[in-house]
Amino acid sequence: MTGQNLTNLNSPAVVMDAEEMRRAWTRVAHEILERNKGVDNLALIGIFRKGGPLAKRLETTIERIEGAKPPCGILDISLYRDDFRTYQPKVGTTQIPFDIEGRRIVLVDDVLSTGRTVRAALNALNDLGRPSAIQLAVLVDRGHRELPIRADYVGKNLPTSRHEFVRVSLTELDGADHVEISKAG
Amino acid sequence: MTRRKDLIDIKSLDISEIECLLEYAASFKEILSRPVKKVPTLRGRSVATLFFEPSTRTRTSFEHAAKIMSADTYSLNASASSVTKGESLKDTMYTLDSMGIDAFVIRHPQSGAAELASRYVPNKPVINAGDGSHAHPTQGLLDALTIRDNKGKIEGLTVTIVGDILHSRVARSNIWTLSKLGANVRIVGPATLLPPDAKQLPVEVFTDLDKALEGADVVNVLRIQLERMTVGYFPTIREYSRLFGVSKKRLENAKPDVTVLHPGPMNRGVEIASDLADDKNFSVITDQVANGVAIRMAALFWLMGA
Numbered sequence: 027m028t029g030q031n032l033t034n035l036n037s038p039a040v041v042m043d044a045e046e047m048r049r050a051w052t053r054v055a056h057e058i059l060e061r062n063k064g065v066d067n068l069a070l071i072g073i074f075r076k077g078g079p080l081a082k083r084l085e086t087t088i089e090r091i092e093g094a095k096p097p098c099g100i101l102d103i104s105l106y107r108d109d110f111r112t113y114q115p116k117v118g119t120t121q122i123p124f125d126i127e128g129r130r131i132v133l134v135d136d137v138l139s140t141g142r143t144v145r146a147a148l149n150a151l152n153d154l155g156r157p158s159a160i161q162l163a164v165l166v167d168r169g170h171r172e173l174p175i176r177a178d179y180v181g182k183n184l185p186t187s188r189h190e191f192v193r194v195s196l197t198e199l200d201g202a203d204h205v206e207i208s209k210a211g
Numbered sequence: 008m009t010r011r012k013d014l015i016d017i018k019s020l021d022i023s024e025i026e027c028l029l030e031y032a033a034s035f036k037e038i039l040s041r042p043v044k045k046v047p048t049l050r051g052r053s054v055a056t057l058f059f060e061p062s063t064r065t066r067t068s069f070e071h072a073a074k075i076m077s078a079d080t081y082s083l084n085a086s087a088s089s090v091t092k093g094e095s096l097k098d099t100m101y102t103l104d105s106m107g108i109d110a111f112v113i114r115h116p117q118s119g120a121a122e123l124a125s126r127y128v129p130n131k132p133v134i135n136a137g138d139g140s141h142a143h144p145t146q147g148l149l150d151a152l153t154i155r156d157n158k159g160k161i162e163g164l165t166v167t168i169v170g171d172i173l174h175s176r177v178a179r180s181n182i183w184t185l186s187k188l189g190a191n192v193r194i195v196g197p198a199t200l201l202p203p204d205a206k207q208l209p210v211e212v213f214t215d216l217d218k219a220l221e222g223a224d225v226v227n228v229l230r231i232q233l234e235r236m237t238v239g240y241f242p243t244i245r246e247y248s249r250l251f252g253v254s255k256k257r258l259e260n261a262k263p264d265v266t267v268l269h270p271g272p273m274n275r276g277v278e279i280a281s282d283l284a285d286d287k288n289f290s291v292i293t294d295q296v297a298n299g300v301a302i303r304m305a306a307l308f309w310l311m312g313a
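From first to last, the protein sequence lines are chains A and B. Numbering-wise, the numbering used here comes out as the position in the first sequence, counting from 1, plus 26. Numbering-wise, the numbering used here comes out as the position in the second sequence, counting from 1, plus 7.
Hint data in this document are derived by calculation from the structure and do not stem from the laboratory. Hints are not guaranteed to be accurate.
Unchecked claim - If the Cβ cut is set under 8 Å, some of the chain A residues that face chain B in the computed set are:
id, residue
1, 102
2, 106
3, 117
4, 151
Said to hold, decoys possible - Pairs of lysine to aspartate or glutamate, EDC-like flavour, derived with a Cα cap of 16 Å:
id, chain 1, residue 1, chain 2, residue 2
5, A, 116, B, 285
6, B, 45, A, 203
7, A, 63, A, 89
8, B, 256, B, 285
9, A, 182, A, 203
10, B, 74, B, 109
11, A, 116, B, 30
12, B, 131, B, 109
13, A, 63, A, 178
14, A, 95, A, 85
15, B, 44, A, 153
16, B, 158, B, 60
17, A, 116, B, 26
18, B, 256, B, 234
19, B, 45, B, 94
Claimed, not checked - Just some of the chain A residues that point at chain B, by a computed CB distance under 8 Å:
id, residue
20, 114
21, 118
22, 120
23, 191
Just so it is clear, the structure is predicted and the values come from calculations on it, not from any experiment. Backbone N, C-alpha and C define an ideal beta-carbon position, used for all residues, glycine too.
Just chain A, same shape as in the assembly (with noise of 0.2 Å):
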């Protein structure tokens, strides 16, 4: 943490930086391999737009931890969200290169808040198959959930106002990596 009061901020304050980052996630990497006992039957499913890179720094980290890797693909939920309302949203392809009948499925998202996105993954995902298990990683866990929906893998939990905003950076998309919050308007 900064030691900033985060209750007064105009402008982004860091709450993670690249470091504690990497020190999250990699704990992240192995409370998967420790709940799951290895990588057998074990898929990462990265949520687009930030949940595919997180994903894929799981894979990496856990390819290193036990000398094997899950299969990592990228689901799309445009088509499956209820809380649309941006003219043009952007929208990602879903690339998952592998069968996930039976598997046990770790979903990965930046940020969990309203439960609302996860909720829309799910419905997606029981349209390609139905997985042994399905549990949820994610970066920030900030509150304010809107559905009986909870993560098993959390990398912070950070408790925030209704009327600030997370940005999760990334170095692969915004070309370097830290979390930032920010009072809306």
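Given chain A, work out where chain B should sit, using these hints.
Okay, now just chain B, sitting in the frame of chain A:
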């Protein structure tokens, strides 16, 4: 950017909107390869297809696209509806609007019919599926998607559109889509079948097929629309075929990797040689049909999804 209510033509779209529709369609193609082709995006919404002209692929592909996205579809055939009792376009639109239909796909022999229809339903999307010789925007978009899939880009390509440009809404929507995306567009056909306003279009005009095909990356062969030809635009079908029919021999001056499109339905042996239409080294006609479904999903999502 202000939200569009309708998709009437390509000419009025921004480049970013064209790019957005192509991007959606490229993404939605993945759904067509799934064992279960169904997503819940438009569940509980209804789409009516109103066709005042015959069609196989456009109508089926719109309805297939709507059904993949879980919308309910209703198809009105002008020849089997109250239109034959004299009901006007206006009353037809008012009736369907009052029933609670959420979106309309319209094909009509009169240019401007789709825009007119959209004024009768001020709060609901209308998609033009071909109005007279004016526009057929989803065809222009699916041709652009097919070209991009095959060539990796559109900017800088030379695209030759061959045939009856005068009556062709497909030609007009192709010209606008491809020129906005940076292609050099050529049109060629008998002088009687070139539009009088050709000089105002972003195209190079030819009347000699061999010159028009020189160095072409893509050839889009249009159907000879005998149903729209009320006067003699050319002496005989045979002469047309000899002068403007596209065959492998005629493609010798084009780029060696030239791609051939045809919007269908084909008059084999008239505007296109049958062996060329079936040769997968050149012809992408079946890709066009598959991309048509994805483009129509994109159009429905663009207007109804968000």
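These are the hints, each one checked on the structure:
1. 102: holds, 6 Å
2. 106: Cβ of residue 106(A) sits 6 Å from chain B, so the hint holds.
3. 117: With a minimum Cβ separation of about 5 Å from chain B (threshold 8 Å), the hint on residue 117(A) holds.
4. 151: violated, 12 Å
5. 116(A) / 285(B): violated, 37 Å
6. 45(B) / 203(A): violated, 37 Å
7. 63(A) / 89(A): holds, 14 Å
8. 256(B) / 285(B): Roughly 15 Å between the alpha carbons, so the hint for residue 256(B) and residue 285(B) holds.
9. 182(A) / 203(A): holds, 15 Å
10. 74(B) / 109(B): Roughly 14 Å between the alpha carbons, so the hint for residue 74(B) and residue 109(B) holds.
11. 116(A) / 30(B): holds, 9 Å
12. 131(B) / 109(B): Holds, because 6 Å separates the two Cα atoms, which is no more than 16 Å.
13. 63(A) / 178(A): holds, 15 Å
14. 95(A) / 85(A): holds, 6 Å
15. 44(B) / 153(A): holds, 9 Å
16. 158(B) / 60(B): Violated: residue 158(B) and residue 60(B) sit about 33 Å apart, past 16 Å.
17. 116(A) / 26(B): With Cα atoms ~11 Å apart, residue 116(A) and residue 26(B) stay inside 16 Å; holds.
18. 256(B) / 234(B): violated, 29 Å
19. 45(B) / 94(B): violated, 36 Å
20. 114: OK, holds: residue 114(A) within 8 Å of chain B, min 5 Å.
21. 118: Nearest chain B Cβ about 6 Å off; hint holds.
22. 120: holds, 5 Å
23. 191: violated, 21 Å
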